[in-house]
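J.: One letter stands for each residue in the lines below.
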Amino acid sequence: MIHSLFLINNAGDLFLEKHWKSVISRSVCDYFFEAREKAVEPDNVPPVIRTPHHYLINIYREKIFFVSVIQTEVPPLFVIEFLHRVAETFQDYFGECSETTIKDNVVIVYELLEEMLDNGFPLATESNILKELIRPPTILRSMVNTITGSSNVGETLPTGQLSNIPWRRAGVKYTNNEAYFDVVEEIDAILDKSGTTVFAEIQGVIDACVKLSGMPDLTLSFMNPRLLDDVSFHPCVRYKRWESERVISFIPPDGNFQLMSYHISAQNLVAIPIYVKQNISFFETGSSGRLDITVGPKQTMGKTVECLVVTVHMPKVVLSANLSATQGTYNYDPVTKILLWDIGKLNPQKLPNLKGSLSLQSGAPKPEENPSLNIDLKIQQLAISGLKVNRLDMYGEKYKPFKGVKYVTKAGKFQVRT
Amino acid sequence: QIQSSIFNQRKAHSPGHVCKNILHVPVSGLLFGPWFLCRNEDLKEMLESNKESLKLEAMKRIVGLIAKGKNASELFPAVVKNVASKNIELKKLVYVYLVRYAEEQQDLALLSISTFQRALKDPNQLIRASALRVLSSIRVPIIVPIMMLAIKEAATDLSPYVRKTAAHAIQKLYSLDPDQKEHLIEVIEKLLKDKSTLVAGSVVMAFEEVCPDRIDLIHKNYRKLCNLLVDVEEWGQVVIIHMLTRYARTQFVSPWREDAVFDENSAKAFYDSEEERRVDQSKPYIMDPDHRLLLRNTKPLLQSRNTAVVMAVSQLYWHLAPKHELSIITKSLVRLLRSHREVQYIVLQNIATMSIQRKGMFEPFMKSFYVRSTDATHIKTLKLEILTNLANEANISTILREFQTYVKSQDKAFAAATIQAIGCCATNISEVTDTCLNGLVLLLSNRDETVVAESVVVIKKLLQTQPSQHSDIIKHMAKLFDNITVPMARASILWLMGEYCEHVPKIAPDVLRKMAKTFTDEEDIVKLQIVNLAAKLYLTNSKQTKLLTQYILNLGKYDQNYDIRDRTRFIRQLIVPNEKSGALSKYARRILMAPKPAPVLQSAFKDRDRFQLGTLSHTLNSQASGYLELSDWPAVAPDQSVRNVEVVEPVRLPCIYLQKNGNAVKVESRSESESGSESSSSESSSESGSELDSDSDSGTDQKKNTKPKPVQSKPFDAVSWPVCVSLQASSPVFVPETSHELLHRMTGKGLSAQYRFTRQPCIYGNSMVSLQLTLSNSTDQALENIHISEKSSTGQNIHRFNAIERLEPQASVTVSMGVDFNDSTQAANFQLCTKEDEFSVSIQPAVGELLLPITMSEADFTKEQGKLVGMNESSATITMTPENVSSQSVNRKVVSVANLGVIPSGQENIYRFSGKTVSSGSLVLVSVVLKDPDAVITINTEKTVMGSMLLRQVKTALTNSGP
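Chains C and F are the protein sequences, given in the same order.
For the first sequence, position 217 matches number 217 in full-length UniProt numbering, and the numbering has no gaps at all.
For the second sequence, position 592 matches number 592 in full-length UniProt numbering, and the numbering has no gaps at all.
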């Protein structure tokens, strides 16, 4: 399936190649470079590129292009999903997935890629299994290894690989047994000029950090499971239990993982935590414009809105901005044309406001469209959909684990049209 | 002085000097010569050293070189020596190197083969597997026979991991030597039968690559694959689902017939005539249960976190499910739109194709396709495409309002695409054509060129579809003409002028006049349209334009572009009458002014559904190499019975497997024919132990499993039958259905338990009595983790049943267990536990249950009876009630109290029964001699206590009247 993989950085340097079948010359990437050039923005590179003899399927992540070479028919999502899994594995192993970390750990990267694919077909992609096969680097271990010459490579087949629960490694032991769940909800919304909601929905995920000894069997139940419109699960979750009882029953992987994600669709009413009053105008004459933005709380359920940031992608003709903010700091980058206003905590008594003038390139026609505002925010201790975890039960082990649930609401793709 | 300087130079350049340097401090070699060569020298030295750590360091650096794409092939001999290293990381890195360069250094690569052959026999499965992986990855044709042998061997390996590796190796060998196909198919066939979820995905992958046309190999494994699917790893799921989609299209009849009438687009296509339709309706469609099985078992995978799996299931539903069931995939597909940009791209493409045929599916989710300013351009255009497809009379106003925002976008390519989309909506929905047209005309005064140009092009198309009531729009465009510079737009306006010149009789000649002035500066397409306009005007209004036309034709005649020269010459011949052009010029008007069919504005995804959704070919809209066509539904379903798994000879006794963890696990003993589905579901659940999704189901399965088929005892040959063998247990004559209370629901806080003796040889141990336990939950809450406590009992050896994870309210489950009573009727005490509570319970066996029936001849019986006299004999005389005298009733009464075998008797009034004790296997012989009206019961056994107890029971049984 997947023939070869090339990693290419934003500057167009090919810094790693790996082949799972016969070697394919890196000149095949020329077709990619061509497409890359045509696309201007890295985001616009088409994910599937056809060349005379091969097909290139690529993803762009963390400023790196993962370009895979395919020779025959294969579901493209299969490859894309796998490439993302590779990127996630690197992130998991090295803390971040960047050119530097990959170059620094090239041997482990190679060992990982070797285990993840055999003849182009995924072999072991579960982080728990991989970590048993190849231990992630730590400062202490790399020091010990250099002195003793011992290796990062496990010698036996991970038990998970053979069992029906391949995601969990065997023989897990902790002195403190704990299980934490983070319910993170993101609001995707488009508000129009007048502030009415064009479109809004909630995307939620439950991230788990489970450090429990042995083979715990957990059951997580909600107060209001009917709320969840559409869910997807980590493979460890038993579908049938969810279908019949609306509880999440699973034997967890060890460590951090995403238990489930859900979707609360536009049909339900979505609470919008803030409102934005804005007035951006460009004058026909004088090469200037005005900007006035005020943000205020709307439906916050009594919680404070934090980490509030407003981002504006200005039209190309805007040269500089001369503004004053009543709260927080603003910054206009004339190169990327991005105006960033970092507000911080929203104080309902004293609404933050950003006001001032914009200067345009003289002679250029005034921009036709006002730029839309992208909002970022965070509300602690609140799941905006109202979802609540009822309880977490554990079976199969005798000890009493420490359990915790945290709720956070964030803005996802939250856009205000102007 | 000169001499000394020469000397200095010589010294500096002296090769010997350099060499010494290298020898002393190898690393400093870097300073000299082409650097990598020297570095390779130094690597070679490290590889040949005795220190593991040095070798490892060298290998790490070599892997770094390979990763960068640098050539390290010359180190091959030095590297290959380390292939047998003890250090596992070193070995792995050597493997990486070997696989990379073996193809280039075939001869040297052969040196390593024996190491792998040895490793293939290693007791560690990881080593066996990795040896096979590397061996099969070395693309050296000469070792094909070795690979073949290794694959065949690994395919029967005990470890499923090794078998998985074998499945991968099949594909590698096939690409190395396609001549091995036939042999490889044999291996594939064998591996397809494998029941491990680990192997399933890989072998189907091999199947798809080597012999995708051998559908016949799938038949027998179809149901198994459907049932295993949920437990297969995610990548395997994708491959299996795609394969099963193809399979199903060849094996089942179309489920679309019923509701095809309601199909939005192609109702007609399905029914060529009314008659055919009637025929179809007279025969109601019934879905093949196997077809249903596939749909049912794939549905939960829509909830997978793996987007490829979700897409695979969606395409399966799209291609296989009845139309009215299709809606369940919508939500999942929309969910994928939150994923990465690349995922969105593929999913949107597939939605675009789907939305053409079935608007209804995605209409409720229309807002999910609204464009954000931060989306990538190709995502935006795809969303636009879908919105256009979804537009209908009801929602068009909402969509157009949304489009208005997009037209103003800073991304001009996207704005242009929006204008196209508006055009599409305008043609598809006649109610809004005028609104759209007016909107587009407004856009003509837009400042941006691309927007204007695109509007002109779209207006042109729209006007063409409309009966020409729009002369004011054409006039408006003529006014704007001077400001429009994009060639395509100018050409479009000119074409419009020419086509509808009769509606604008005053303006058209004037435009032509202007064009004549600028003709030489125009782009080619514009020039062509000028010639075109001139010709049309010449025909309709020759008085005003004759000279202008001739002027333009002259300009065209000497144009640099020969297309234009060509066109000019053609037009001149056509319209200007002269002696040579005979017949054709008469028809010039009809040729040029013919009514032209309106262009159809249709989606680029219109015909994409000829490709299977979710495939690369669909994404590219052209057939990728290796694409496997999805066949049309067969008109008549092929034989369904091919999927029946053949009847396995009924196995007499459940055989016992010892698993790694020491638990004895039974393997099903019944024939698989009754239902393939049930059998594998019970298997998978008993394998996992922890994955009991539906406990009650598997419980009943287990009950079935433990009940072996009745056995006909073989005709008996007294002479050759040695006595010791005569203790061979036979099947019970009678199994009482009565069960005894173990735990009452009041004492058990809602949990009640009953037990029953199955009178079967126990599968857990030869000296155990087999028991069946029925646990019921009469509370209104689920009980969890029901098991027998480890620290139990009074010395008896008990085989516990596997803990029951969860028992639903009002549900019950049957499990089996074994107890070694040690030939005594002492009760077995143990603790039955749930998650919260523990209950002490005890099982008190009747003495008759501690026996197992055996068969022997009458002669043997008397012989054995003769040995067991005196102390070992106990007898009693009873008075029989008359209704008990018949042979049937005596037999029935005796076997109901004791698990004994009946011995065919030659004498009328003597009944004999034989058995053995379960634990020690001592013989127990019972005879009943009727002497009307009395009967003498004699019991002979070494176990005198048991004998006397048994005697008492038989006595009561025979004296009691009633059945």
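Heads up, some of the hints might be wrong.
As the list claims (entries may be wrong) - With a cut-off of at most 20 Å between alpha-carbon atoms, the simulated DMTMM-like pairs for lysine to aspartate or glutamate come out as follows:
| hint | chain 1 | residue 1 | chain 2 | residue 2 |
| --- | --- | --- | --- | --- |
| 1 | C | Lys366 | F | Glu449 |
| 2 | F | Lys331 | C | Asp333 |
| 3 | C | Lys413 | F | Asp375 |
| 4 | F | Lys299 | C | Asp104 |
| 5 | F | Lys331 | C | Glu243 |
| 6 | C | Lys316 | F | Asp411 |
| 7 | C | Lys337 | F | Glu908 |
Claimed, not checked - Simulated restraints on C-beta separations:
| hint | chain 1 | residue 1 | chain 2 | residue 2 | range |
| --- | --- | --- | --- | --- | --- |
| 8 | C | Gly171 | F | Glu838 | 26 to 36 Å |
| 9 | F | Glu838 | C | Lys400 | 14 to 24 Å |
| 10 | F | Ala782 | C | Thr329 | 51 to 61 Å |
In short, the hints are calculated from the structure, not lab data.
Ideal Cβ positions, reconstructed from N, Cα and C, are used throughout, including at glycine.
J.: None of the hints should be skipped; say for each whether it holds.
T.: Verification of the hints:
no.: 1; hint: C:Lys366 <-> F:Glu449; result: 15 Å, holds
no.: 2; hint: F:Lys331 <-> C:Asp333; result: 40 Å, violated
no.: 3; hint: C:Lys413 <-> F:Asp375; result: 10 Å, holds
no.: 4; hint: F:Lys299 <-> C:Asp104; result: 44 Å, violated
no.: 5; hint: F:Lys331 <-> C:Glu243; result: 16 Å, holds
no.: 6; hint: C:Lys316 <-> F:Asp411; result: 11 Å, holds
no.: 7; hint: C:Lys337 <-> F:Glu908; result: 111 Å, violated
no.: 8; hint: C:Gly171 <-> F:Glu838: 26 to 36 Å; result: 28 Å, holds
no.: 9; hint: F:Glu838 <-> C:Lys400: 14 to 24 Å; result: 19 Å, holds
no.: 10; hint: F:Ala782 <-> C:Thr329: 51 to 61 Å; result: 56 Å, holds
Checked against the numbered hints above, the structure breaks hints 2, 4, 7 and satisfies the rest.
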